[in-house]
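S.K.: Chain by chain, the residues run as shown.
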Amino acid sequence: MKSRLFAGLLFVVLLPVTLCSTPSPNSPQQAASKKAGQDTSAKQAEPFPQVPRITAEEVERLLKEKGSVVLVDTDDPVSFEAEHIKGAVNIAYDPTVEAREQDPLLSALPGDKLIVFYCNCSHEEDSAPMVLEMWELGYSRDKVKALKGGLTRWEQLSYPLAGTDVQAAQEKGN
Amino acid sequence: MQCKIPAIGIASSNIVHYATDYDFKYNNGMPIRYVSVPFPFTGQPRAVDVGYVSGKDMLTGQPLMSALVSALTSPLTADEKISGAPPEEAVEPRLLPPDFEENLRQLFDEKEWTDFNSIILPTERRVTAMLKGTSHKPDEVVKTINITGGARQLTVEKVAINAVMAGASPEHLPVILALSTQAPFGNSTSSMANMVVISGPIRNRLKFNCGTNAMGPYNRSNAVVGRAFTLMSKTAGDLRNNVNAWETLGSNLQYNNMCYGENEEALPAGWDPLHVEMGFKPTDSVVSVGTGWSSIASVGASQVIYPTHFLMRDYMGSFCASGSAATIVIDPTVAELLKNVHGFKTKAQLSEWFSQNVTKTAASYWGNGVIQSIAVPFALQGLEPYASWRKLPDDALIKPFTNPKAIHVVVAGGEVQTMWFVTDFGIRRGVLIDDWA
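Protein chains in written order, with my numbering: chain D, 1 to 174; chain F, 1 to 437.
In case anyone wonders, no lab produced these hints; they're calculated from the structure. The structure presented is a predicted model; accordingly, all values stated were derived computationally and were not measured. There are no misleading hints in this set.
What the simulated footprint calls covered on chain D by chain F, stretch by stretch (three residues with Cβ under 8 Å from a Cβ of chain F suffice, anywhere in the stretch; the number is not a length):
#1 91 to 103
#2 110 to 120
#3 135 to 144
In silico lysine-lysine, BS3-like type, Cα no more than 25 Å apart, as pairs:
#4 D:Lys66 <-> F:Lys391
#5 D:Lys143 <-> F:Lys399
#6 F:Lys360 <-> F:Lys399
#7 D:Lys143 <-> F:Lys281
#8 D:Lys86 <-> D:Lys113
#9 F:Lys207 <-> F:Lys281
#10 D:Lys148 <-> D:Lys86
#11 D:Lys86 <-> D:Lys172
#12 D:Lys143 <-> F:Lys405
#13 F:Lys360 <-> F:Lys405
#14 F:Lys391 <-> F:Lys360
#15 F:Lys399 <-> D:Lys113
#16 D:Lys64 <-> D:Lys86
#17 D:Lys86 <-> D:Lys143
#18 F:Lys360 <-> D:Lys113
#19 D:Lys113 <-> F:Lys391
#20 D:Lys66 <-> D:Lys86
#21 F:Lys405 <-> D:Lys66
#22 D:Lys143 <-> D:Lys64
#23 D:Lys66 <-> F:Lys399
#24 D:Lys86 <-> F:Lys391
#25 F:Lys4 <-> D:Lys172
#26 F:Lys405 <-> D:Lys113
Derived contacts from chain D toward chain F, CB cut-off under 8 Å, selection only:
#27 Val70
#28 Gly87
#29 Ser107
Every residue, glycine too, gets a C-beta built ideally from N, C-alpha and C.
With the rest of the complex left out, here is chain F:
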């Protein structure tokens, strides 16, 4: 939309670095002028932010206000008059020139096409063999990924390349293809992580680990499928460190994305598997992806004096509750306790209980940066409950998990300990693996 009003971006230096280095180089068609302040300005005393305004522009060294006026009023340079769509990138050849293995490994690392663990190099022969794991044609587009700079087509062959690199076998390919529809994974300056949950008969067919050490490095299917999601996200999603992946701490969970299977055989009677709760048939094989930031583990055995779900509730109160998202992963022993001792006949009942009983103070809720960026605009536009919550005193208690359907319960583990994780992961609707066989 053209408003014909001079506009510039005012951002902290880290964002300007990103924008000038990558974003507007490829995406915006017409370069944007920026004025930059130091980082961070959030969480600073007001006097510091005032100092930024009376200080200097980080880009030009001019007084900030002078730089701002100058950026708004000086005529466009020839380079700045560029408009329209960015030029198309050169079409890259399908095959790399032949080279020695060590050189190719170095190239893959330099390009950041790996997770910096050793990969299986995707030779044409290996990729061809991998493609036997699906009936889909190699050039079929699985998904078009809108990245900064254009649209990238993720084809079946490209997914197969990543599957080879991850160490997968052809029988894993349908799972990885289904998973590829969810690529790339979440990427934010706040360090995000993901969860990959396998449901249905494929768990047993491919021997996914749903029991003891379900989340540990003890199973090939869990390992290669979880890793393939990372490799697909990095390659097809063009995620490169300090280029367009700006997660300040990053997340170790991104190496494997917490890939595990639900222990459906150990579910208490009346508790449906995750994919069945989503509307799939029990006989469907489904992969579901969750995205969030945090995971808190129980420590030690469940105690009578303080029921397990009370402790889960307390821990959940520390989450930001963005989108009411939470996923609780519990050992079958805990599921049995929750059902038989505490009366939660279904997972949905437990989710509803959390929605009604997790509380946090208004100050703690609004003190979270994600909530600030999402819920404050809604509050200012009058959307409830955010508008009312904004008016509450700091110490007022609110129930931030307003949508119980966004609180998922998954049962996994080997019944070795009454163990559980509460996470702030929001799980999207699963993807049918059988469609990709």
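With the rest of the complex left out, here is chain D:
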């Protein structure tokens, strides 16, 4: 015989959460930006304005001081392989997975150098969230920045690139 608890039937709040097909606008990064008093949706021109930018010119100068800066390309591995800033390493940004899944890679980056994230996007949409995640990992705020204008700006200035597409173009030119 079934035993009843107090009044018998319990109305239990259903636990599962609704699955959506697309990421919600309330991503951890956006939550972080809202926390900082910034609403990214209201300012499309520069998402994540709390993330400090660094110009391509400044990075190029720092790269000449060997070892003082680490460049991180946030594009997917196939695109990275095709073209990236010379000397960059690849940690792909994927907005559909938990940012923390990249923590093992991000935390392997040196803590004593300037780390510059860049993307192949117009307003650092993919590189700035990585900067925020680095802050969560305890990296100094003044040592992690996003490259303003990303790969596009770097190309415009004809700064050094590497990758299979770049190599093929060079061979074709020769």
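With the hints as your guide, set chain F onto chain D.
M.R.: Just chain F now, with coordinates in the frame of chain D:
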């Protein structure tokens, strides 16, 4: 990105099982073809791996190379032509239909919404009462969790449901809400564990145990908050055994996540609390989450002939040092020894000493699977120090904890024994509890 190049996945049978059972069913839009080899192939003599290549595909039974060519060249079936975003899941009702308690308990267990210890069933009345512990609205989204298959919104109400299930009281809710921003906890085929550290005035207000038995089953706040993190991780994170939780051994630490408070009152002068080192004010109440795998305890009292920090250093040398992560939890008596006898005036000095003095051989460093998957690609891309370390002979000593800021020191315990734990837990920046009151 479309490359228009035929591609298939080649993976060990355990991963293919995961991918076909869960991942591509929900996530990828277009199914991926796989060819499968036996598991494990890592750590095997080369001849074994060669045998896998000359052997059979675990999925079709065909010779592996034939299966590979076939998978790459045969036309897509109708099912395989599916593309785009996966269909939206049906919206589930907020309330379960009324039922008997035993049936509901069975349902919760079957759904894996529990840790398989008894829960407090989250009735509407109990959840409403729990929600009085915060000023935030029930439908406020605390966090969107990107899981395999989409994005899940973790609302204040859903956190409150988990808090009820864990046995918490409304006054615990702000702590659990702050903690929920860090959910779900780490999940990997290698068995991960977590550490929840409570800092600031809330420790005393809610009577978190920071002293004797800080990590033992002797305190309600430690117990329910630590447990709530597990329940939130399992429910909102959709972690189900052999579905998308594939930790080969699992970790007993996941029942409570080592939840404890720092014994801030017993810190030696000059040693700041964990949250203050992170940049918070001493008067802030903060919860911090660490993730790692291992914890090694000291055994017996500290000895003069071999200083405590030497022994800690030796033990830390057995960690993989992924991300330089380590958290050392020490009894106040050990903290006093380290400061007064060995001269570490701050926690940061001690962290720096570990960074400079923990060594391991290059072979031991590169012999770790996590390091292989993380640092080898960086080494091949020329990132230092990994590129240089790859060139070292096996017996060369390296200092793997390159980032002293990733080595945290937390003081807890009841001054009953000169006891300490060294762990490989990396602690993320803490979360302000006061924001969730």
